[in-house]
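Protein chains in written order, with the numbering used here: chain A, 89 to 491; chain B, 89 to 491.
Heads up, a few of these hints could be off.
To be verified - For lysine to any residue, the following SDA-like pairs were computed, each having C-alpha atoms within a straight-line distance of at most 20 Å:
1. K424(A) x L178(B)
2. K424(B) x L178(A)
3. K484(A) x D402(B)
4. K139(A) x D421(B)
5. K484(A) x T365(B)
6. K470(B) x A383(B)
7. K139(A) x P416(B)
8. K484(B) x Y480(A)
9. K139(B) x Q439(A)
10. K454(A) x Q450(B)
11. K424(A) x Q176(B)
12. K484(B) x K139(B)
13. K424(A) x A141(B)
14. K182(B) x D193(B)
15. K484(A) x S401(B)
16. K484(A) x Y480(B)
17. K484(A) x Q450(B)
As the list claims (entries may be wrong) - To list a few chain A residues with every Cβ distance to chain B over 12 Å, as calculated:
18. A128
19. L192
20. E255
21. W405
Everything labelled a hint here was simulated from the structure, so no lab data went into it. This one's a predicted model, so the numbers in the text were calculated from it and none came from an experiment. Note that beta-carbon positions come from the ideal geometry of N, C-alpha and C, so glycine has one too.
Protein chains: 2
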Amino acid sequence: MAVNLFPPENLLPVDGVRLSAVSAGIRYQGRDDLVLMELAEGSQCAAVFTKNAFCAAPVIVARDHLAVASPRYLLINSGNANAGTGEQGLQTAKATCVELAKLLDDCQAESVLPFSTGVIGEQLPLECFQNTLPSAIGALASDHWAQAAAGIMTTDTVAKAISRQVELDGGVVTITGVSKGSGMIHPNMATMLAYVATDAMAGQDTLQSLLTEVTNETFNCITVDGDTSTNDALILAATGQSGVPIAGANLVVFRQALQEVCLYLAQAIVRDGEGATKFISIDVEDAGSRDEARAVGETVALSPLVKTAMFASDPNWGRILAAIGRSPVENLDVSKVTVWLGDTLLVENGQPAASYTEEQGQQVMKRDEITVRISLGRGDTKASTWTCDFSYDYVKINAEYRS
Amino acid sequence: MAVNLFPPENLLPVDGVRLSAVSAGIRYQGRDDLVLMELAEGSQCAAVFTKNAFCAAPVIVARDHLAVASPRYLLINSGNANAGTGEQGLQTAKATCVELAKLLDDCQAESVLPFSTGVIGEQLPLECFQNTLPSAIGALASDHWAQAAAGIMTTDTVAKAISRQVELDGGVVTITGVSKGSGMIHPNMATMLAYVATDAMAGQDTLQSLLTEVTNETFNCITVDGDTSTNDALILAATGQSGVPIAGANLVVFRQALQEVCLYLAQAIVRDGEGATKFISIDVEDAGSRDEARAVGETVALSPLVKTAMFASDPNWGRILAAIGRSPVENLDVSKVTVWLGDTLLVENGQPAASYTEEQGQQVMKRDEITVRISLGRGDTKASTWTCDFSYDYVKINAEYRS
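Hey, can you work out the whole structure from these sequences and the hints?
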């Protein structure tokens with residue numbers, strides 16, 4: 089029941105990237121749960137990982153491997169997070185890389201980055217990898233992006249992927265990305281995996297700073313339930329196969345396209361949020377700083393009372409005010425706060441707007457995409473936060489996930 | 089469906105306090121929704137109010153009145169919060185005090201403290217007060233604590249009240265208190281009202297410091313949904329009618345009894361949390377500071393994933409670890425973290441305990457009172473946080489509250 093999110097179409101291959109998805113029976117039966125992504129030699133990678141102190145085994149291994157070698161293969165399984173699995177889990181994560189490298193010419197284990205998503209606290213069955221890695225290698229092809237997007241899903245109901253092409257000085261470059269995630273979604277990463285590849289050419293430093301900047305305005309601005317995961321990872325790979333460099337004037341154009349891809353992939357996660365029936369944007373304006381705007385946006389977006397009112401299509405704007413009022417903003421002057429629901433003025437200078445009628449509010453709340461706009465009257469900075477509503481199905485999905 | 093919470097019994101009158109509860113038809117029909125509490129001349133009051141920047145009109149008026157006069161009457165209505173009601177709401181809150189004072193000899197409007205709880209954003213109907221204040225005054229009696237506890241309820245399902253008597257140097261003193269609250273419950277107050285009275289004798293400074301200390305260990309350690317309200321207030325009144333002073337050795341004994349009363353009233357709110365089926369204690373030990381212990385406790389207590397797992401009686405301890413891992417604690421060393429579910433060791437030194445079995449976890453999770461004990465291995469400070477689980481009924485109650 090994702091909100092205005094549809095299966096990916098017209099995905100474009102990226103020169104230098106081949107993918108495959110196979111059914112390894114790690115947890116799910118009868119669907120792909122193991123994805124392999126091959127990057128041409130000479131590719132550069134940038135990465136962002138979860139900030140959760142209890143990070144999962146594959147995150148530790150991927151970080152270590154990134155520090156010592158250039159990645160050639162990304163090995164991603166769904167169904168089991170290999171988190172909270174202690175020393176044994178760490179050994180298994182390393183072993184999956186070793187197993188893959190053994191099957192390949194000229195690939196060392198450190199050139200493989202492992203990723204896992206799924207249930208926490210169960211050991212990852214290595215034999216599932218041993219049994220299916222040969223067929224995963226055999227199935228590698230450049231037009232398997234849609235299969236990869238489907239293979240990394242857990243509680244997702246719709247696969248998430250998008251392509252963009254932009255004309256740069258030197259030629260056309262392609263960006264294609266996939267993501268997954270539905271619950272445990274919160275800024276600073278979540279049970280969220282995303283892989284974006286381009287055939288543009290860039291050094292690792294350029295890629296990493298681009299990815300960090302763009303992440304702060306996209307993936308770090310979404311929240312479903314405030315829970316961040318042990319496994320989150322976002323990878324940006326540039327194969328350089330187009331020969332078109334990301335530098336000079338190209339940088340601005342490429343950044344914009346990358347931002348569009350990441351925004352789509354991030355918002356897709358919210359649209360497919362566990363139990364979501366509405367897609368909600370909290371736009372905070374006239375803040376003293378971006379942090380302040382984000383803090384207010386996040387407080388409103390995470391309020392269970394706001395989220396249940398959204399689910400009920402109830403313009404219970406008092407809950408929005410109460411959430412703004414408890415946001416961690418020093419000396420908030422409520423007499424300068426103005427709030428709109430869609431285009432309808434709700435609150436003006438901290439007081440209910442004289443023009444507001446309940447009917448206006450209900451008209452907006454009936455929609456499946458709702459924007460709450462909040463002006464703090466403290467400065468000229470703005471930031472958006474995207475979230476979904478809180479429904480019976482959220483509880484159902486999370487109460488029954490393991491059973 | 090409150091968790092091990094039963095209607096109050098054996099409430100003791102407090103010399104110098106008379107109460108009444110009447111049906112004013114403010115929102116609810118056929119039940120009391122207006123409570124009047126009279127304090128004998130010479131009583132002292134301490135108060136704690138919401139920190140929400142969008143505080144309600146009665147909170148502003150009560151604060152103002154406390155600054156200029158000694159309170160003689162507390163006037164509390166349920167069904168309408170008089171919050172988000174702008175200048176008109178402020179005038180109405182003041183007018184309710186004026187109306188009451190007009191009906192009394194030797195009482196000025198400033199000696200009345202108004203309190204409201206209920207729906208936000210609707211104007212409070214003054215005529216309901218005008219019509220019923222005479223009968224509220226006529227009904228004042230010292231044995232109406234149970235009626236007062238019932239009259240201040242909103243989504244509460246059980247009235248909350250308790251009495252304690254302690255023998256002090258100089259005689260026996262009584263403490264009786266009532267509270268209400270069910271949703272929008274979070275540290276630093278919530279849609280929570282509590283009124284505690286004693287016939288002990290104390291100056292305002294002593295009372296206020298006692299109340300602040302005790303609040304930090306009781307009312308500020310509960311959370312239902314992370315939302316704090318615009319209306320929270322906690323009042324401690326000492327009538328002094330017993331002639332027994334709270335000073336010297338008496339201070340310690342009185343403080344302990346006050347703490348017990350406040351702990352009961354605070355935990356009662358969690359036990360009656362919206363949709364609650366379980367009462368959960370998060371005990372964080374070996375923290376570097378109390379703030380750190382509270383931060384971890386609150387992060388775990390507020391995690392929708394932990395709360396839905398509790399509802400499902402699912403020992404999905406990975407979610408507890410993930411919540412600890414994202415707590416705002418600098419440089420958390422996960423290899424020093426140990427976690428128990430009840431008496432069952434779950435995680436030892438950051439790794440799943442070898443002795444743990446799923447059956448053990450399920451035994452604990454079946455109970456309706458569950459303790460999660462977390463040792464951080466960073467110091468010797470501890471703190472508890474109390475919360476409830478997250479059920480279908482939480483969503484139902486909050487999605488349908490206004491309809």
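Hints, verified against the model:
1. K424(A) x L178(B): Holds - the C-alpha atoms of L178(B) and K424(A) are around 18 Å apart, at most 20 Å.
2. K424(B) x L178(A): holds, 18 Å
3. K484(A) x D402(B): holds, 13 Å
4. K139(A) x D421(B): holds, 13 Å
5. K484(A) x T365(B): holds, 15 Å
6. K470(B) x A383(B): Holds. K470(B) to A383(B) sits at ~11 Å (cutoff 20 Å).
7. K139(A) x P416(B): holds, 11 Å
8. K484(B) x Y480(A): Distance ~7 Å between K484(B) and Y480(A) Cα, so the pair holds.
9. K139(B) x Q439(A): holds, 18 Å
10. K454(A) x Q450(B): violated, 41 Å
11. K424(A) x Q176(B): holds, 18 Å
12. K484(B) x K139(B): Distance ~28 Å between K484(B) and K139(B) Cα, so the pair is violated.
13. K424(A) x A141(B): holds, 12 Å
14. K182(B) x D193(B): holds, 18 Å
15. K484(A) x S401(B): holds, 13 Å
16. K484(A) x Y480(B): holds, 7 Å
17. K484(A) x Q450(B): holds, 19 Å
18. A128: holds, 35 Å
19. L192: Since the minimum Cβ distance to chain B is about 32 Å, L192(A) lies beyond 12 Å and the statement holds.
20. E255: holds, 41 Å
21. W405: Incorrect as stated: the minimum Cβ-Cβ distance to chain B is 6 Å, not above 12 Å.
The structure fails hints 10, 12 and 21 (numbered hints given earlier, in ascending order).
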